[in-house]
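Residue numbers (the numbering used here), protein chains in the order written: chain Z, 82 to 398; chain Y, 120 to 458.
Everything labelled a hint here was simulated from the structure, so no lab data went into it. The hints are all genuine.
Subject to a maximum C-alpha distance of 20 angstroms in a straight line, what follows is the list of computed EDC-like cross-link-like pairs (lysine to aspartate or glutamate):
no., chain 1, residue 1, chain 2, residue 2
1, Y, Lys273, Z, Asp326
2, Z, Lys203, Z, Asp177
3, Z, Lys203, Z, Asp372
4, Y, Lys273, Z, Asp115
5, Y, Lys273, Z, Asp119
6, Y, Lys287, Z, Glu333
7, Y, Lys273, Z, Glu333
8, Z, Lys390, Y, Asp218
9, Z, Lys390, Z, Asp326
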Amino acid sequence: MKFTKTFVMAATAALMATGVMAQDIAVIAGSVEDAFMDKIKKGVDDATHMVEANGGSVQYLRTQNYENFGPDLVTLINQAVAQGVDGIAIPVWVPDAQIPALQAAAAAGIKIMQYNSGLPVKADIGAINYFGSDEYAAGFGGGKYLAEKGAEHILCHIQVPGAINLEERCRGVTDGAAEAGAKVTVLNTPANLDGDVTGTAEALKAEFIGDSSIDAMVSCADFGAAAGANAVEQTGLDIMVSAFDFSPASLERISAGTQTMAIDQQPYLQGFLATSMLFAHLKFGTEISTDPVLTGPAIIDASNVDAVKAGAALGAR
Amino acid sequence: MSSNSTSSRSRLSLGRLLRLPETGSFIGFVVVYIFFAILGGAVFVGAPGWSSWLNIAAEVGIIALPVGLLMIAGEFDISVGSIVPASSMTVAMLSGHYDLPAAIGILGGLSVGVLIGFVNGLLVTRTTIPSLIVTIGVMFAVMGLTLGFAVLLKGSTSVSYVPHPTAKYLLGQFINYMFNVTILWWLGFAALFFYILHISPLGNWIFALGGDRESARNAGIPTSKVTIGLFMASGFCAAFVGVAQVMTYQQAQVAGGQAFIFNSIMCVVIGGVLLTGGAGSIIGILLGTMTFAVVNQGVFFASLDPNAGSIIVGALLLVAVLSNDSFRKLAISAAAKKS
Chain Z
82 MKFTKTFVMA ATAALMATGV MAQDIAVIAG SVEDAFMDKI KKGVDDATHM
132 VEANGGSVQY LRTQNYENFG PDLVTLINQA VAQGVDGIAI PVWVPDAQIP
182 ALQAAAAAGI KIMQYNSGLP VKADIGAINY FGSDEYAAGF GGGKYLAEKG
232 AEHILCHIQV PGAINLEERC RGVTDGAAEA GAKVTVLNTP ANLDGDVTGT
282 AEALKAEFIG DSSIDAMVSC ADFGAAAGAN AVEQTGLDIM VSAFDFSPAS
332 LERISAGTQT MAIDQQPYLQ GFLATSMLFA HLKFGTEIST DPVLTGPAII
382 DASNVDAVKA GAALGAR
Chain Y
120 MSSNSTSSRS RLSLGRLLRL PETGSFIGFV VVYIFFAILG GAVFVGAPGW
170 SSWLNIAAEV GIIALPVGLL MIAGEFDISV GSIVPASSMT VAMLSGHYDL
220 PAAIGILGGL SVGVLIGFVN GLLVTRTTIP SLIVTIGVMF AVMGLTLGFA
270 VLLKGSTSVS YVPHPTAKYL LGQFINYMFN VTILWWLGFA ALFFYILHIS
320 PLGNWIFALG GDRESARNAG IPTSKVTIGL FMASGFCAAF VGVAQVMTYQ
370 QAQVAGGQAF IFNSIMCVVI GGVLLTGGAG SIIGILLGTM TFAVVNQGVF
420 FASLDPNAGS IIVGALLLVA VLSNDSFRKL AISAAAKKS
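Chain Z on its own, in the form it takes in the complex:
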């Protein structure tokens, strides 16, 4: 076993030295049960055509679930290394587990491309570039959008109190809104309301009634927009409803005018760009001078919802 691994590594190194090889890359992604990952896969699949047309190959590796996530990711990284790939495209979700494994891969001469998650640890793994969103930047864009639409007091809803990425979103919303002169109040709903649309709707209703200066809300969860739209319907107040991420139902609400916008991070682009740009780097030596490359925030509102729906029907949005 150890011998084969060493042999494969030596063979890979030898091939690299000669420079005559087919560039094989592995794209590692999250659980097969996660619909978000299907949009990433669509991007990877489309990029694979380009890779194969140029004599390379793409392996798409996914974990079964999120239960043993760190170790599962490390297993996939080691599997890719053992198969002698030239590059790995991967999000960093569990830095403590993934960084040592990726550093070992890099030491073996494998190029790393990062996407979707883990921007703060990009330097630690020596990634070529990063394709994904930045929570703060996404929030900033959303807050600015609402303020420019005329919001003066925005409620930023966090469904899991203490989650750092969600707090980053609301911090971004606060700064983005402040730039356009609006103020933001953060509402943490208790964790036992996470996913509970009725409970969240009633909580939002209480906030809306309690502070009549609130004229917009943005939820860190898609279901928060359903709850917000319901609270607005109940109270009859004129409040803009918006959320991070989106679902078919939120697209319907945007069409119907009961939701103002949704903040998307475009997973299709993350999969497509990470795969194609990693390959192009290996094969053609290309570099992107923009670093990191942010695929979000992409605001979905009434002006582009039909285009997004068409993209969603094709599995890319």
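Mind docking chain Y on chain Z? Use the hints.
Just chain Y, lined up with the frame of chain Z:
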């Protein structure tokens, strides 16, 4: 049992009142309501406040009723947490994705709940595995199946559905813009379960089951049938909430619903149902649900930190269990003195 002086009569009626199992829950509700009425002010005491906590109470209450009955019979049902999304997904799939009539979607959603309840009941009665474990297992299985089917058939973990006006009117409308129609369904279910537990002979069987299963069987009570029936009832009620949610919010999600597990148990226990079975009442469960909902919503109206709500609910649970024990002891000692 003397009736020769007014003072002794009033003491007696006070004693009788204290011995009612619901008294503790009632006092709890009044104290909590007054507390939040003072902090929350006119808005909380007015229609917005009432609609707010009643909307919450109705949803969790519909599930808490059969969960309470099961607890009285000495069983737990954790699987309700996964039946809610499973049923709402089924409705949205059948009527939204496949464009079938709303009635078929609703029927499908409810059947899913009844079927899961039946499986729970069978596993609990045919094996020696405790219901807590059985229903946790079933919950995970149902969660996986819901997710699997949603991704397989729809390629998404969320399905939208614009309900038929009649279905929306019956299950998802807001009366006076604020009061969810599920409040009326909740009261209807409460009346039905009140009849079952306190009036029909089935009620005594349920109490007997929770008291001592062996003696209940020896006394000729069809224990398995009653147990399976109770699990089917809780499956049905959880599915009903799932259906109502689709009609209200026009979407179904794979996730969500887990909150109902602990929330329903909490309502039942705050309502004075004995965790080990054998004691409890529908009025108590209703009061427990209302108390729970008032605390949950009150914190938002009172502008308290929402985490304070969790602390109060937790404390309330402990106080409820402690005071229920005291009231029970009081009742037993009073009964002993009388004889």
